[in-house]
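Protein chains: 2
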Amino acid sequence: MSQFTDVDRLAITTIRLLSVDQVAKANSGHPGAPLGLAPAAHVLWKQMRINPKNPNWINRDRFVLSNGHACALLYSLLHLNGYDFTMEDLKNFRQVNSKTPGHPEYGLPGVELTTGPLGQGISNAVGLAIAQANFAATYNQLKFNLSDNYTFCFLGDGCLQEGVASEACSLAGHLKLGNLIAIYDDNQISIDGETKLSFEEDVLKRYESYGWQVLSVKKGDDDLDSIAQVIEEAKANKEQPTLIKLTTVIGFGSLQQGTAAVHGSALKADDVKQLKKKLGFDPEKSFVVPQEVYDLYKKEIIEPGQKANDEWDKLFEQYRKEYPDLGEELARRFRKELPKNWDAKLPTYKSTDPPMATRKVSEALLENITYDLPEILGGSADLTPSTLTRWKNAIDFQPPNSGLGDYSGRYIRYGVREHGMSAIMNGISAFGAHYRPFGGTFLNFVSYAAGAVRLAALSGYPVIWVATHDSIGLGEDGPTHQPIETLTHFRALPNMHVWRPADGNEVSAAYKSALESMHTPSIIALTRQNVPQLENSSIEKALKGGYIVHDCSSPDLILVSTGSEVSICIDAAKGLAEENKKVRVVSLPDFYTFDRQTKEYQLSVLPDDVPILSVEVAATLSWGNYSHDHFGIDRFGVSGKGPDAFKFFEFTKEGVTERARKAMEFYKGRKMYSPLNKAL
Amino acid sequence: MSQFTDVDRLAITTIRLLSVDQVAKANSGHPGAPLGLAPAAHVLWKQMRINPKNPNWINRDRFVLSNGHACALLYSLLHLNGYDFTMEDLKNFRQVNSKTPGHPEYGLPGVELTTGPLGQGISNAVGLAIAQANFAATYNQLKFNLSDNYTFCFLGDGCLQEGVASEACSLAGHLKLGNLIAIYDDNQISIDGETKLSFEEDVLKRYESYGWQVLSVKKGDDDLDSIAQVIEEAKANKEQPTLIKLTTVIGFGSLQQGTAAVHGSALKADDVKQLKKKLGFDPEKSFVVPQEVYDLYKKEIIEPGQKANDEWDKLFEQYRKEYPDLGEELARRFRKELPKNWDAKLPTYKSTDPPMATRKVSEALLENITYDLPEILGGSADLTPSTLTRWKNAIDFQPPNSGLGDYSGRYIRYGVREHGMSAIMNGISAFGAHYRPFGGTFLNFVSYAAGAVRLAALSGYPVIWVATHDSIGLGEDGPTHQPIETLTHFRALPNMHVWRPADGNEVSAAYKSALESMHTPSIIALTRQNVPQLENSSIEKALKGGYIVHDCSSPDLILVSTGSEVSICIDAAKGLAEENKKVRVVSLPDFYTFDRQTKEYQLSVLPDDVPILSVEVAATLSWGNYSHDHFGIDRFGVSGKGPDAFKFFEFTKEGVTERARKAMEFYKGRKMYSPLNKAL
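Quick note, the sequences are listed as chains D and G, same order.
All residue numbers for the first sequence refer to full-length UniProt numbering, where the first residue is 1 and numbers rise by one.
All residue numbers for the second sequence refer to full-length UniProt numbering, where the first residue is 1 and numbers rise by one.
In short, the hints are calculated from the structure, not lab data.
Treat the hints with care, as some may be off.
Note that the list lumps identical chains together, so a pair holds whenever it fits in one copy or between two copies.
Derived DSSO-like pairs (lysine-lysine); straight-line CA-CA distance at most 30 Å [said to hold, decoys possible]:
#, residue 1, residue 2
1, 238, 307
2, 392, 268
3, 245, 278
4, 647, 273
5, 245, 205
6, 196, 392
7, 205, 678
Could you build the full structure based on these sequences and the hints that come with them?
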C-alpha cells in the first residue's frame, strides 16, 4: 500500500498548476521541468527537515535547484511551505523587482543559492556538503549532534553536460560525501530537441566511475513510493554521494509533453485549460491552492520543522554550557563576526625588510591567521607548492579512514579543477556559519572559473581567490600562463574586489578587506617574483583602494600603478627628481575600494591639473577611467625569465622614465582634468 | 620477438636526455613527463604519417600534446624528425623570442596547436577529428581517399580533471570519432603530490560511459611492443575514439622518479649525470644525438612521410581532373581564400526596412552564405532555437547510420558544453583547409569558455562566437543571464574582435570582418530584441569599427554607443536638436577594428573640443579610452521584460537625453581633448 494519499496527489497537482500559472501569467519561463518534477519535489520535501519560519537554521536540509530555470517549481514549493512568498509574489513571476525572478537568487527566503547558469547548482551543492561535513566534524560531540543535515539537489541533462559539474562531482566521489543526494531529471529533452542529438553517455556509469552510489526510478514523474524509497536508500549510504536518475516526461500532462516545445515557453491558453481539466482542477481558475494542501504542508513540514529547530536550539543551549569554548566560537560564527583583534596578526613590513614575492607574504599571512579562524576552509587547484596556500600544520579535508586527513581538515585538495573549486567555494560560503573559503590558482586560470566567479559577485558570496603568478613576471611558462586581460575582466565585474598588492603591507590590506567583506568576493593577485617593501605603504592606506605612495609638491606628472610595477614607478620618479621633474606615484591596489571613497579623497589622489600615466603590465583598457595615458601590454606575453619579460616589454626604470618624459612633454601646457572629475 | 631494436632504445634515450638537457639548461621546465613518455612518443611517431618538410600537409596525422608543459619532449621529437628546429633552438628553451617557448605555440613548425592550459589540447583534438571526418565525408571519392589521417593526443591527469575535456570527450563519444586516439599518461603524480589526494575516479570506466574504446598498457614507459599493439588496435576501431591508459613512472630514471618533485623543476646536476650514466650516455656531455638515431628517424619517418606526401600530391592532381568542381573548391580552400564575391549575399537594409533583432539578421545572413561556404562548420551549445544559428537545409554533423545526419553535415549539436564547443572550434580551425567554425550561445555564457576564447586569440584561430542575448534586453531570464562585464572582458583580450552591431548592416559588416579575418577570432554580440535599421549605417562604414552614424555641424556633445543603444542615442540626439543642442552620435561596433584605423580617422570621429559621453548597457570600465563620461551599468541586471529592464536602468530616449544635458552642462567652458589624443 502506498504511503501517499489523495491529498499528496492533490498537492502535486497544485504544485504543477501553480508553476504553470506563474509561467502563463508572465508569458515567459519554463513549464516543462516543473510538470515533470513536481512529484519528486513533493516526496523529497516531505522528507526534508526545514523550518520555513527560520530559513537560515544551520541544521536544515538544503535544497538546490541546479536546473534553476525550473524556478516556478521552487517558488510554488516555497509558497506552499510557508516561506515568505505570497500568492502575489507568484503572480509577479519574472517581473522587475519581484521576489520571483527568472532564476532563483540567493538572499530570497528559502533560496539556498543563485542558480540558472547550468552546472553551477550541483557544484555548489558539493560545497554545501563539504561545509556540512567539516562543520559536523568540527563541532559535533557525543550526545550533541549539532549538524547532520543533507544536501539535496535537482539537476537536468544540461547540468550533467557542463564541465564544472563533472569537476565537482568527481571530487565529491573522492571525498565520499554521503550527505549529498542529487536527483537527475532524465527527461530526454533539451532545448535543441531530444538529448540523443548530443548526449548519449551512460550517466549512471559515469557517476559510478566517480565513486557515487547510483539509483533510479523508472516512472519518476508518478511513482511516489519508489521515489521515497530511493531517497531513503540514498540517505542510508553514509559513505558515498548518491545520484538518483528519475525518468520523467517533460511537460507532463501538456499537449506538448515530451517535446522541446514545452521546455522554455509558456503553455498556450487551451493547453493550460485541458491540463487543469485533466488534473481535476477548474480550467477557468488560476493560482488555486486547496486548503487541504496548505494543511498538509503545515502538518507535515512546517510544524515538524519548527519543532526540530526548537529542539536544536535547546540542544545548542546545552552545548554552550558543556563546551563553552566551542559554543562561544560557534555563537560568534553564527553572528558572522570575526574574532576580536583577529587582524593583529596580519604581517606588516618596513622598507628595510627584505624583498618578498607577494605570494610568499600571503603564505606567511595565512600561517599567522588560519589557526584562529576555523571558518577558513582553504585549498588549491593542484598548485599548492606554487600558490603557497597551505599552512604548516594544516590537515587535509579528506574522508575519514583515508589516511590522508579527515573531515575536520580545512585544506582541500581540489585537483586540477578551477571551475569546480570556485563553484564549490560558493557553496561552502552559502552554507552559513561564517565559512570563509579561499582557493588558490594562477591568476590566468581564475578565468577558467569565470562562470562561478560571476555568480559569487552576483550572489554576494564573499569568497577569495588567491591568484598567484599574476603577470608576465611569472616568466618561462609564457603567454599561455601570463594574464593580460584578466584584471580588466574581473574589475569590470560588479561587486568584485580585485586586489593587486604592491608589497607586504598591501597584501595584508587585501586580506583584511577580503575577510571583513560580508557580501563581496575578492581576487587577490600575487606575484611569483620578489618585490621590495615600499617606504610609504601601510595597511590603513591601502585599505582605501588607492593612495599616494610617493609624493612631491606640485607634481608635473602622476604615475598610477599596481602590484610589482609600483616600485618601478617609484624608482623612475626618484630618478626624474634628479632632473627636477616632479612625479607623484599612486598605488591603486583595488579599483572597487577606491571607487567607493569620497570624490574628495579620490581627487586628492588623482587631482586636476596634472597628467596621469598608468603603468601596469596588462591590458590598458582598465585604465581610461583613472589616467590620461597608459603604459601597458595589449598583446600576449613572452616565454622567458621573468626579468627578461619585464625588459622585453620595457617595464623597467628606464622604460617607465622614457614614457613619463614623453607624457610630460606631450601634455605640457594642456589644462588637465582628472578623469575622475566628470558629470555622471 | 620485439619489433624494436637497440637503435629504437637508443632513440628513446636520446629523446629523454635531450628533454632533460633543455630543462636543465633553462633551469626551468618539466622533465618528469618527457622521461616517462619518451617510449610512447617514439613508438607512436614511428606509426605516424607526417612530412616534416611540409608540416601543413592536409593528410598528415596530427599529434597534440595536451599536457603542453611536457613540451621539451615535443621539441626533441621535432628536432629529431627534421622539422625546422635546430639544436640551437633546443638550447634556447624557454628564452625570450626562442622557437622553444615554455608551452607549445601554434605557428611553430610541427606544433599543431597551442597547449598548456590543461584540458584544452584533448578538446582541440576532438575538433581536429571532427574536421577530418567532415573533410573526408565531403571530398573523398571512390579511389580518391584524400583524407584518412588520425589525430593522436597525449594527455595527463590534469587534462582529465578539467571540465572542458569532459565536455569535449563526451561529445566525441557520441560522435563515434574512430579517428581520435588519446594516450593517457597515468603517472599517479600531480603538482600537489600523489593523484590519490584528489583524483581517484575510474578514468577508463568514465570514458567507456562516454562511448569510447579503452585500452591499457601496464609498463607504459618501457613495454614498446604492447604500446605499438594497442595503437594498432585503436586505429583498427573505426567506430569509437580510443583512450589508451599508459601506466608510467614520472621522471623515469631520475633519482626523484615517481614523486611530484620531478614534475616541474629541472633535475639537479648530479641527478642528470647519474641518469646519463645509467642510460649509457656520457655524463659530461649535453644535447647529444647519436648519428644512428638521426638515421633511424630519417629512414623510418622523414623519408616515408615525404613519399606519402608526394603520392598524395599526385592523387590530388588526378582528383582535380576527375572532380574539377570539388578540386577547384579544395584548391581554393588550401589557398585560404573565400569564393570570389562571397560577400555579395550579405544582407543590407534601408532605414525603411522593418526593425529586426540582430540575431534574426544573423539567421538570415547565415541562410544566405552557408551554402556557398563549405568551410563553415557551425553549431550551438544547445541553444539553436534561441541563437538561430541553423540554416534551413543544414544537415547535422552526426555519425553515419545514426539517422540524425552524417559526417558531411555541417551543423554540430554541441550540447550544453560552451567550453568544450569553443575548444573544439579551435581544433577545427587548426585542422586547416580554411575551416571556419562558428558556435552559438548566449553572450553571457561565452564566459564559461574563457579559457578557450583566450587560446583562440593567442594562437590566432579565426573562429566565431555567435553570441546572442547580448544584454539586459534579453529580459526575464534575469541577471544570471544578462552580461555586464562580458564585453569589457573580451575587449581587453589582445587580438580579439568583439562586434556589437547596432542594426542589420552592422551585422553584415561583423560577419564580413570575421570571415575575412585570417588570424583574429571574433565574438559577434547580437540582440534578442528588435532594433530599427539605421539611416546612415552601411557595411563599409561599420567595417571601420567606429563611424559617425548621426551628425551635425560643430556638435555640443558626442554620444558614442554600440548595439541596441545606438538608435536610442539617435532618438535622443534628434530630440535635443529641437532644443538647438547639437549632438553627434557615433556607433562603435568593434573597438579592435576602430583601434586599427589611422589616428586621423579616429580623431575625425571622436575629435577634440567636444565632450564625449558613452552609452552602453554594460560595465563602464570599457569606455575610459573613448569617452569622457559614461552612462552604463555597473551592477547586475534585473529579471523583467526586456523593455522594462531598459526602463529600469533608464536606457530610454529620456534617460539618455537627461544624461546628455547633464554632460553638456558640466563640460560647458571646459577645453576638451579627445581621449584618443594622447602621448603613447
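Cross-check of the supplied hints:
1. 238 <-> 307: Cα proximity of residue 238 and residue 307: one copy only (25 Å, versus 62 Å across).
2. 392 <-> 268: between (62 Å within a copy, 26 Å between copies)
3. 245 <-> 278: within (27 Å within a copy, 55 Å between copies)
4. 647 <-> 273: neither (73 Å within a copy, 34 Å between copies)
5. 245 <-> 205: Cα proximity of residue 245 and residue 205: in one copy and across copies (11 Å, 19 Å).
6. 196 <-> 392: Classified as between; 21 Å across copies, 50 Å inside a copy.
7. 205 <-> 678: Intra 60 Å, inter 61 Å, cutoff 30 Å: neither.
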